[in-house]
Amino acid sequence: QRCYIVALVAIGAAALAPAPRRAVVYRGADDMDVEAIAASLESRGLSADVCDDASLAAALARDDVAAVYAGRYATHDALDGVAPPTPLYRYDKAASAFKLDRRSA
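For the numbering used here, count along the sequence shown from 1 and bump the result up by 31.
To be clear, the hints were calculated from the coordinates, so they are not data collected in a lab.
Cβ-Cβ distance ranges computed for the label pairs, FRET-style:
1) 93 x 125: 27 to 33 Å
2) 127 x 89: 28 to 34 Å
3) 66 x 123: 18 to 24 Å
4) 70 x 124: 15 to 21 Å
5) 103 x 66: 15 to 21 Å
6) 108 x 62: 18 to 24 Å
7) 112 x 73: 21 to 27 Å
8) 66 x 125: 18 to 24 Å
9) 125 x 92: 28 to 34 Å
10) 126 x 94: 28 to 34 Å
11) 89 x 126: 29 to 35 Å
12) 52 x 132: 15 to 21 Å
By construction, the Cβ of each residue, glycine as well, lies at the ideal position given by its N, Cα and C atoms.
Let the hints inform the model, and build the full structure from the sequences given.
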């Protein structure tokens with residue numbers, strides 16, 4: 032009987048688990064290694080989508096986007112639509128790190 036209870040608890044926990052979260056990495060004109068960025072995000076538990084101009088709007092339209100990563104000077108109409116609670120991070124080459132875009136704060 033304990034096995035049945037454990038199985039039911041495990042099935043219930045799996046059903047209640049949150050959906051995987053995705054990060055969108057925009058491959059713009061900026062010089063950044065988007066594949067390495069995606070791998071780093073995936074090692075932190077996010078599913079990373081590397082997008083170009085043609086696929087960015089569709090990727091951002093999904094409801095499971097946890098964060099958006101783009102180059103410091105990247106421009107795209109779809110990036111202008113990124114609003115809280117979804118943060119937009121911009122790559123600062125001098126610091127070799129992403130920083131939260133001030134519009135996302």
